[in-house]
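So the sequence lines, in the order shown, correspond to chains F, S, V and L.
Oh and the first sequence: position 272 is 272 in this note's numbering, straight run, nothing missing.
Oh and the second sequence: position 44 is 1044 in this note's numbering, straight run, nothing missing.
Oh and the third sequence: position 200 is 2200 in this note's numbering, straight run, nothing missing.
Oh and the fourth sequence: position 255 is 3255 in this note's numbering, straight run, nothing missing.
Computed cross-link-like contacts, PhoX-like style, restricted to lysine-lysine with a CA-CA straight-line distance of at most 25 angstroms:
| no. | chain 1 | residue 1 | chain 2 | residue 2 |
| --- | --- | --- | --- | --- |
| 1 | S | K1448 | S | K1296 |
| 2 | S | K1200 | S | K1178 |
| 3 | S | K1200 | S | K1509 |
| 4 | V | K2023 | F | K122 |
| 5 | S | K1398 | S | K1417 |
| 6 | V | K2081 | F | K122 |
For the record, the hints were derived by calculation from the structure and aren't laboratory data.
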Amino acid sequence: MIRFVVSRVLQSLVALAILSVVVFVLARATGDPLQLILPMSATPEEYAEARHYLGLDRPYVEQYLSFVGRAVTGDFGNSLRARRPVIELIRERLPNSLRLAAFAMGISLSIAFPLGILAAVKKGTGLDRTAQVIAVLGQSLPTFWVAIVLVEVVAGRLQWLPAGGNQGFTSYVLPGFTLGWFVVAGMMRLLRSGMLEVLDSEYVKLARVKGVVEHRVVWMHALKNALIPVVTFAGIYFSILVTTAIVVETVFAWPGLGRLAYEGISSRDFPVIQAVVLTTAAIVAVVNLSVDCLYAVIDPRIRHAR
Amino acid sequence: MKPFARRLPKVLPLLLVVLLALPVSGWAQAKPDLTIALSSFSTETLDPVLAGHLVKYYLSMMFDYLVGTTPDGVPSKDGGLAMRWESSPDQKRWTFHLRKGVKFHNGDDVTSEDVKFSLERAAGKRSTTGYAGLLRTMVASIETPAPDRVVIVTKDPTLIVPNYLSRALSTEGMVLPKKYIEAVGDDAFGRKPVGSGPYKFVEQVTGSHIRLAAVDNHWRIGAPKYKNMVFRLVSEETTRIALLRRGEVDVTEVSRERVKELEKESYPIHFRREEAVLTMWWILGPDGMVPPMKDKRVREAMNLAVDRAEIAQSIFAGSAEPAPIPLGLSWSFKEIGLKVTPDMQYPYDPARAKKLLADAGVGGGFSLDTYAYQLPGLPEGKAFAEAVSGYWEKIGIKVKLIPVDYPAFRKNWVDRKTPGSIGYFNIANRDWMGTFALLEKQAYSPSKPTDTVNDPEVDGMLAQVMKQTDREKINALMRGVYTRIRSEHLGMPIVYLHSPYAASKKLGKWNPGSVMYDLFFDELASGK
Amino acid sequence: MSVPVIEVHDLRTHLVTRWGTIKAVDGVSFSVAEGETLGLVGESGSGKSMTCLSLVRLTPRPASHIVGGSVRLDGDELTTKTEAEMQRIRGRKIAMILQDPMSSLNPVFSVGMQVREPLAMYHGLRGATLTERAAALLASVRIPSPAARLRAFPYQLSGGMRQRVVGAMAIAAPPRLLIADEPTTSLDLTIQAQYLGLLEELQDRHRLAMIFITHNLGIVSRICDRVAVMYAGRIVEAGPVRRIFTAPAHPYTQALLESIPRLGARTERLTAIEGQPPDLARLPGGCSFAPRCPQVMDRCRTEAPPEFEAGPGQVSRCWLRAPAGG
Amino acid sequence: MPAEPLADRALPLPDVAARPDPAARGRRLPVVSLGIITIFVLVAILAPLLSPGDPGEQSLRNRFKPPVWMEGGSSRHLLGTDRLGRDMLSRIVWGSRVSLTAGVVTVLLASAFGAAVGLVAGYHGGTVDAVLMRVTDATMSFPVILLALILAVTVGPSFTNVVVAIAVILWARYARVIRGQVLTLMGLDFIAQARIAGAGAWRIITRHLFPNTLNTLVVLVTLQIGYVIIVEASLSFLGAGIPPPTPAWGSMISEGREFVTSAWWVSGLPGLAILLVVLAFNLLGDWLRDTLDPKLRQL
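Based on the sequences and whatever the hints tell you, model everything.
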């Protein structure tokens, strides 16, 4: 088990290292941040001075090495736009992002579970098809469109829920639902196919033959097995949530990592772009790792094999 | 299978009900907050010298200017720290007499030392304020003969010092606490700024909001009407309007397109009239205009092809008016004595435009690249570019729309790599001094690379303005510049933009003025 | 012969598929008494398993329906019972051992949890008593160091061991009727023999009525008292083991016996009967076996044969056995 | 007569022991989904014939004309006009071409590259596999939208950039899934047989491994076409999608969102088009998966 975790951590680190090169190059490809920082009337000398001041005049390899060297210690340099340590900005935004993602995941699960199980138990019936369409609908509309309609109707007209910002629990509902609904389809598919497979298994048949009541058969004997694929792909869903979040954060004025990245890109703020991408990747890696561990908890075969 | 099947339909609606019935919290209803939703905080900086001119919305509530102005940008002795000012006869020594008893939020007195420190800091290396460069070349020294007196000595005679250090322009005139900054350092100041304005800094959550709290009694506004002022960053229009409807915000930026809808619901709309002029220009080559735009007739044809009234009506939903003069900032027209006559307006005349093109030998049309981008305060940017391109296509010009974001366009503009292609800008309206600064930047060849005009006659007049200390002569020269730019069609004026702000129904009288990047919340917050 | 534990009369189960309705169980009747073992023999798809699943009403849904007939357990009619009542009959009165020991235990739960579950359900046991009884149950199926095994997960046990666990769960009640659906198919030969021994022992101890589904006629001859041969959803021949083996009356049974593997040869499927197995969606009008029957007569193709007496306690659905002039 | 095992010829009757055969109990062909997709594909192909007018022709005076069935609508613009007075029907018809092409091309690029990587990694194993999989991991952890945004500000948004940006990230998922399948296949006898028969790497990959992953590929491709169309729309919202004046559904919705209350059709109609197409692709993909590859779980 420990060997397994160590090797997974190493794998993630290699992936992060590859990513750091890519993001370093890409961030610099976006253009010259000074154009946005300096006033229009700035002279070439002022440009050169600012470039030196910000350390942008050093050779790329040197810049990269110092970036990696400091990034390891959690120092991503200073934001060119906000002139503050990037890590501070990340620390400000990350919790918002994680909380929203977690809430969206919760909503998504609480829709996907009943739907997926219902669809599997009622396979081939109208209920199954309805459940699938409800789930797939969420994936078939652009998230920003769903978000805007929700803001307009639920917040603006009906005035039930806050339209934007983070003012406590109710603020999570609309963005969480928008994000969550988007991934319901994927999760529901996993659950449905997992449940179908499991419900047809010998052990579920045996449980029924034993006289176990049906809801126990479904929710206990079958579900724990069907959970495995859901858990396995939780990492992928999490990264989809984080990615899609840019759009949702924009509509709901949610101060998360996605917006930070967006602002970073539009102001060519290299350190911010680098930091956000790496942080996101690191989160995905951590989630994947914990998913693997969780997987082992659910499935004893894995737990003991490793 | 039955028991489960029976259970689920019961569970599902229950879940939904739980989700929907979550406590609907009323936000900020009872709180004595004035909440303002804006679409962009630009740099989100709290330090005025770090491009603070872009975010004067909140900075001007936290800091005092050396010279105050009215909401319409006229220098005023009531709005700034300087209660009066005068210049020496040679117009090289400007003395400002400071208001007494003004304190920073940390209790320190505001003195002439702070003014001197602030100006030097604005001219310093770290500074990226709008006109830091000008400050560096203009100022020779700053003297502080008394705590309430500061003398600015310029290298050349000039009239512009008071306007230049006023609230109407950039942030160079903001007075910062010397002792505090020297004690805590620039970075700490940038995180927790201390000023002397009517509201003091409480917290900033980047990407979300900035919260200010009122000081008890301030010379600018008296006893504050609102305990707190909260600026919220909400980039999506629909969301801002929903926030207004829910009473979560009191003032919000809205698009011109939605003004009618909100007026119908009787939300008061406050306009910043002629806040900006939307003007288009050709990117120059290394040696100025390139063919076919080198031909005056082509420039005129392109101007005549555009139906400005229709654009004002449709794209800008009527909250705009056709503009007659390229780069023409209308506020200054009165000051410099320029009278805009109806014949200066470009008529919509595609037939004549076609003929002009034919005369110029490009009757078969030519290909033209037009950049399309959004700008702060101009959400209609792309649609506008598409609409104008549509008009040009109708006279036979083959337009290729190039969507970019503004920084990318700006690079193409100043690098002059794509001469002959079209760009545009919504230039914030300003007084004669600001107008001159604009002309200097965008119409004066020696100011490369931002020049868009490249005309020797214009260059000559602008060079004279800089040395001139007689207002009348300055005015005449500037009238000359505008007349020349208009008659040579050295650019394409499109419309003057009125920018709407919607307010909650219980909000009082408010003139948001039209000073760039400032909304003059003083009036709303004032208990006077 | 003693009183029957289970009596099945004219049981009919239909299955709706996209090829049409299939009569998976088509008028099956039999009975099994206390301590008796009935072997149910037939090709794949002949309806053996459907018959048994119909007894506990666990045929695949929503495709299948029991459309007629009666099932009596100790004289109590099961077909009219509610689902909740059936729930209390499964496991408690009628237990089943499924074919594949590798997959009939839930991989993510410990053996202990799975063995404790029926004990808790049937006897309302809790806590230490429950664990004790679970261990005792494992011991009764001859699982060594049962207490330790309770903590194990299924994948840690061998196939034979797992099937013993399944056997242990099956007798947790103990039930009146035990249905064993090819319980030894995937076990090694020696383990197979041991397991059959265990089943016989359990049967003796609890006086179980047992239905043993198999392909393996060798096993039938070893442990069954009576045999019912199924073909296309019907029992085509039934009778005491010895009669069936020595004097098979139905041509299908004869063909089966001709293809019998020597006892002990590890054959999982019956082999070598000429012709195509029946397409259950398009059964011929008369005897289902007619198309493959070497002794087919004209009558066979038009009229389905009823049951005919073929010997003491032996019946056969074949016109060959029709009394002369019948 | 050689003896043939009966079981092999038996009908797949649901025996207790039998695995469920999805085809046997599966749903009927998804006629509705196929119908929708066929219609839109035809519309895309025949756009020049079907479009009533030029999708780019503006007429500011005729802006925001409602669809014909609403008050104020006219038969000149069956589905109304947008803020620049362009004919909505023409734009939606031409937009189907742009959006469908974007979806299909992106997914084909991604799947071709991803499948190749997956096949090679799975076949070779060892270091090759390790290296390719780390690259795959790195790719998967790079948010698609961020890459597209970066590309958009770097070289300007365009059809090509949208396709490239999405494909450059999307391939990783194919690589993962295909590699997993190949690993399983490699353990099967027929690969060993092919090796004994002297088949080289190329032959084994193309003749033996690839055909066995086709089902999975078809399912993934179908499911992801819809995903790509949605991602493209999201990019338009952030200003990095297929740019105007090209009529793409995503940018039409995005530009029309301001007028949700005043002129719903400007964003609502292209929204409906996206909804129908993506829904159809998703449901078709679900059906394909149930039918071809019930074990496939990703997306």
